[in-house]
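Q: Listed in order, the protein sequences are those of chains A, B and C.
Numbering-wise, the first sequence is residues 1 to 242 according to my numbering.
Numbering-wise, the second sequence is residues 1 to 310 according to my numbering.
Numbering-wise, the third sequence is residues 1 to 338 according to my numbering.
Calculated from the structure, these hints are not laboratory results.
Among the hints, erroneous ones may be present.
[Claimed, not checked] With a Cα cut of at most 20 Å, we get these calculated DMTMM-like pairs of lysine to aspartate or glutamate:
1) B:K216 to B:E297
2) C:K302 to C:D312
3) A:K242 to B:E25
4) A:K17 to B:E141
5) B:K127 to B:D173
6) A:K242 to B:D90
7) C:K251 to C:E192
8) B:K29 to A:D240
9) C:K240 to C:E254
10) B:K304 to B:E254
11) C:K240 to C:E230
12) B:K275 to B:D252
13) B:K241 to B:D261
14) A:K242 to A:E160
15) B:K105 to A:D2
16) B:K112 to A:D2
17) B:K105 to B:D116
18) A:K242 to B:E167
19) B:K188 to B:D161
20) A:K242 to B:D78
21) C:K197 to C:E259
22) B:K29 to B:E10
23) C:K197 to C:E254
24) C:K302 to C:D278
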Amino acid sequence: MDEVLAIAQSTWQRILKMFVVYLLVGCAIIEIGITLLYDTLTMHHHRMLMVDLSLVLTTMAGLLTVLALAFDLPREMREGGAATLLSKPIGRYQYLLGKYFGILLVSLVVTGMIATGFCLVHWLSFKSLPPSAIQGHILAVVQVIPIAAIGLFFAALLSEAAAAIMTAVTVWIAHSTPMLAKYPIVYGGLLPDLNLFNMRAEATYNVAINGPYLLMVAAWGIAYSVALFALTALIFNQRDLK
Amino acid sequence: MDDHAIVTEELSKQYRGALWRLRPEAALKSLSLSVPRGVVFGFLGPNGAGKTTTIRCLMDLIRPSSGNAWVLGAPSGDVAIRQRVGYLPDNPMFSPHLTAMQFLKLCARLLKVPGDQRRSRIESALKEVDMMESASRPLREFSRGMIQRIGIAQTLLNEPDLLILDEPLVGLDPHGRKDLLEIVRRQKQRGACIFFCSHILSDVEKLCDQVGILFKGRLLCSGPLTELLGAKGMNVLVPAKEESLARELMLDAEDSHREADGSWQLSFTSESKVKRLQERSWPEGVLLQPRREGLEELFFRLTKQEKGDG
Amino acid sequence: MRRSTYVLIGVFIAATVIAGSLGRLALERQLSIANTRDMVSIRPMAGFQKFAADIHWMLFIQYGGANDVDAETAPEFYRRIMRIISNDPDFYRAYYTGVLMLGPVAPNLALDIADRGLNNPRVRLHWELPMLAGQIVMNREKMKYYNNQPMDQQQLRLANGYFEQAKNCPGAGGIALRSYVRSLAALRPGDERLELKEIAAWYDYWQRQRRPLGYYGDGESNRMDMDVEELLLTQMRVAKARFPNDPEVEKLVERIVSEAFPARRLDPVTLQEYDAGDLYSPHSGVRVNVYGICGACSAVLKGRYCHRCGADSQPPAIPSGTIKPPPPPKADSRKGRP
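Using the sequences provided together with the hints, build the complete structure.
A: Put into structure tokens, the structure is as follows:
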């Protein structure tokens, strides 16, 4: 496990040292706060806009962080860094697991910071924090578990640009195909159903998203990530490395 | 097999190209090679011969299409055995955001170097490659040669029984080359086997106990350098005053060149020609010497021959 | 194949099956929470439909600020509203604003928006939307009535349905009930004036809503009955004020008062309540019915026992002719009470 943590640590060190990450988080929180100025333009819907925008930004930040790391892994393989690490006594799945935990941790930190910033801004602005908004943000943060697995899947198999494009397209499709929902093993089993994490309207309209649902969706995210990780490791094991 | 550091048996590799189709030319063709423990083995071959492919197969970075490979008596896919192996990749490029110290710490952690020994091992490796002063600088600021030195340092962290170095001399300045040769000698004295490939044949000849020459995926020869570089033909030294004789001999000679004092050195390798030369009577001042083949010569002869066959 | 390959294949299959099952359960639970999810546009927007709705809402407000709502711009207003509600079917404010803005110039478009809202289980909880829809239909028919044209019964039934939905919503205002009863009045057969039909409709409605005494248990009151009673009275007061001395109105009101409120002290002219013990209405000055006259002290009784001397006046003496005003009370009159 120490090897996995060592790989994960080198991954998160890379991202957390990037100034642009904090700039991204700062901009997101400022943008959330700016919705207060939209009182008139939204006909007093600015609180709802704040919740919705925050959820959108949290999701986008999670995706962007995963994409940044999806760029990183193929580059490391192309430039030979991965080969150096894999020449040490660690299995390929351990290397991938380390990368996954690194990506996941960074994404959780980034999305968590934005969600915390939202809570702070909302509390200061409205002196209240509806539970549904917090629950919606929990879903948006937990969503990075399967997104990181998707990013890792493509990053382990494709080149940088292709991996980033395929990750973004898959996340897009996974949010946009509720018509596939009637085929649960395919959609939710083989294909990701990220729409499960999309309760933005409910969070905005203060519709309670109950605890069991949050747990169930988190459990789905973990189970799906395990399945996709196993598939990634299977294919990656057969792959020739530079 | 246990007395060998590396053994390959009918090792072949055919890469796949676009649309998962096999490329027509195999990178390795039934490579059978054995490298005893404790020797310095030079793996030679022109560009694209399959040297790096062989090394990657040994490190389990690529999967052979057929055949087997063993490293230190264990199958090449055995993860645990890599704890006793140091590997320097071709054209190394490490995580640029890490400092040299952080990178070596990561490597030491992955190599399962005990926590209390990590720092001393890293410092000693950095001293070996003369990079102690740059330990806290990020790798992205390093030149090609400095990266190469750090790459060499990371191979030494676990005091390996086998060092696999892919083009270790590339990018190194003359000091670096000298240092590396010293490191190789020290590792050999420690009892480690060093398997490396290089294009700098003079260095290989100086360092290696054994060599293998690979050409287009096929092993042309392999064995102790003393056996491979045996007596081959005759050299005739003709003084400057015997220019007409020199010109006559030049017509049959495989190689000829003029020394600074105007004398001629002519090389004959064919047995029939050597026999004729030995039977002939020579004017005073002409010297006949048995000719010893150099590694470079051997390399060019074999590869040229192979090209001709092809 | 290596052992790890078999392990990975096993993990993949097991985790896929688990994920598939969990996904199905989670989806069912999600649809029970997000019960309007099937109304959201299925355009591939990566789940950002709600955000798109917010953006379109702001654009709609800007457009509304820059353009008057008229027959020419109404389709564009409608298109913009549809864009919002297709991305966020729970955006109540968009329905409401759309219906409010389009109602006067494009009633059919406004009704279409309202109908979409009323099909949404979350939006239809708001009483204003069916109220507005009902008013759009009702106003159209009222215009016909005032232009001496026959009203369309089908449209009236439609309006009645909207009003009924509005009055049944939680927190519905009194206007919803009034509008509902008015629509019932319009639906009543006969050639009577609409004002008379409205009073009759109120009376019918009151009768239907009334519960027998004790229906709600001892000590409980029925706020609804009381509200409807007051609304019926108000309706009759308005009719009497608008049509003074109209024999048809007088006759109907008199009948309803005598049937519905025999025990209430109502001034026959204004239908305002007077206090017990009043001999003349403080609202119109007319002589009003009294409980009786105390046989002991001649005070106008407020109930069975005289409020002045405490004498039991059972049965009460019903005064006839001129009643003399009672003598002023003595300071120590209470001392003689039994």
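Q: Quick one, are A:K242 and B:D78 close enough, alpha carbons at most 20 Å?
A: Roughly 19 Å separates the two Cα atoms, so the pair holds.
Q: Under the criterion that the straight-line Cα-Cα distance not exceed 20 Å, is the pair A:K242, A:E160 satisfied?
A: holds, 15 Å
Q: Compare the distance between the alpha carbons of B:K275 and B:D252 with 20 Å, and conclude whether the hinted pair is satisfied.
A: holds, 13 Å
Q: Check whether the Cα positions of B:K112 and A:D2 lie no farther apart than 20 Å.
A: Holds: B:K112 and A:D2 sit about 9 Å apart, inside 20 Å.
Q: Next pair to validate is C:K251 with C:E192; report whether the Cα-Cα distance is within 20 Å.
A: holds, 13 Å
Q: For C:K240 and C:E230, compute the direct alpha-carbon distance and say whether it is at most 20 Å.
A: holds, 15 Å
Q: Is the hinted pair C:K197 and C:E259 satisfied, with a Cα-Cα distance of at most 20 Å?
A: Cα-Cα ~17 Å, so holds.
Q: Against the 20 Å threshold, does the CA-CA distance of C:K302 and C:D312 hold or violate the hint?
A: Given that 20 Å is the threshold and the Cα spacing comes to 12 Å, the pair holds.
Q: A:K242 and B:D90: Cα distance at most 20 Å?
A: holds, 9 Å
Q: Tell me if the straight-line CA distance from A:K17 to B:E141 falls inside 20 Å.
A: holds, 16 Å
Q: Holds or violated: C:K197 with C:E254, Cα cutoff 20 Å?
A: holds, 15 Å
Q: Run the distance test for A:K242 versus B:E167: straight-line Cα separation, threshold 20 Å.
A: holds, 15 Å
Against the hints set out earlier in the document, no violation occurs for any number.
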